[in-house]
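Asker: Sequence:
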Amino acid sequence: MSTTLEEREISAPRAGRFKVHIQGNLKQSHFVVLTVHDLGCNHTMWKGFLAHESMEEVVRRSAFIHIDVPGQEDDAGNLPEDYKFPSMQSLGEDLVCVLDQLDVKQVIGLGEGAGANIVARFAMAQPDRCLGVCLIHCTGTTAGFMESIKDKVISWKLDHVGMNPTAETYLVLHRFGSVSSHTYYLRLLSILCPQGDSLTQNQSKTALSHFDLLVNFLLS
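Using the UniProt record's numbering, the letters of the sequence shown map in sequence onto residues 1 to 220.
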């Protein structure tokens, strides 16, 4: 299957729009996979995963619809000041608009982190449109008091300062966990450097702060 992605914009009542990247032939594939990324990422996080040799047979037989959460697209500018960032529930429920406008009857949901929570909500809202889900690092718990305070500080910095070392560290720990040894740290360097470049260059900091707040406060 070609790795070329077809880019589309899909309107939705609460999200406003989703930027969608289609990989493969939606009409001729055996099944369609709908993906949603984690906090601090976008559709590009799936490219390396799908390019691995272990995924060759799956990729050959399937098509993928990669969703970018609003403001998390490559080279995204800040969202309008009057834009009300949708809740996790709204994002999940609005995904059906993507299926309807692309004329896709059913999908398999694939999400990581915050994206896994969104996919889970989509599956619960639209069980007839979802053949199954694969949820990676999915959580439905709310943040504790100290986490909430820390998150407010990080979100304030994102809004007023932009991407900064505190926010970068938080997002790296969110995705990779704590580093327990020097050897593990060295192995992660090749991953963290491009990850940091993506965070500082590509995404709307305002949208990232809103998305971050949702992850910590609206997962109940």
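I should point out that these hints are in silico values taken from the structure, not numbers from a laboratory. All C-beta atoms in this analysis are idealised placements derived from N, C-alpha and C, irrespective of residue type, glycine included. Heads up, a few of these hints could be off.
[Claimed, not checked] In the DSS-like style, the derived pairs of lysine-lysine whose C-alpha atoms are separated by at most 27 Å in a straight line are:
#1 K27 - K47
#2 K105 - K19
#3 K19 - K47
#4 K84 - K19
#5 K105 - K47
#6 K27 - K84
[As the list claims (entries may be wrong)] Per label pair, the in silico range of CB-to-CB distance:
#7 P127 - N25: 34 to 42 Å
#8 R61 - E6: 17 to 25 Å
#9 H30 - D82: 25 to 33 Å
#10 G48 - D82: 15 to 23 Å
#11 G77 - E53: 31 to 39 Å
#12 R8 - V58: 20 to 28 Å
Asker: Determine for every hint whether it applies to the structure shown.
Answerer: Outcome of the hint check:
no.: 1; hint: K27 - K47; in the structure: holds, 21 Å
no.: 2; hint: K105 - K19; in the structure: holds, 19 Å
no.: 3; hint: K19 - K47; in the structure: holds, 16 Å
no.: 4; hint: K84 - K19; in the structure: holds, 17 Å
no.: 5; hint: K105 - K47; in the structure: holds, 24 Å
no.: 6; hint: K27 - K84; in the structure: violated, 35 Å
no.: 7; hint: P127 - N25: 34 to 42 Å; in the structure: violated, 26 Å
no.: 8; hint: R61 - E6: 17 to 25 Å; in the structure: holds, 19 Å
no.: 9; hint: H30 - D82: 25 to 33 Å; in the structure: violated, 43 Å
no.: 10; hint: G48 - D82: 15 to 23 Å; in the structure: violated, 36 Å
no.: 11; hint: G77 - E53: 31 to 39 Å; in the structure: holds, 37 Å
no.: 12; hint: R8 - V58: 20 to 28 Å; in the structure: holds, 23 Å
In summary, the structure is inconsistent with hints 6, 7, 9 and 10 from the numbered list given earlier, while agreeing with the others.
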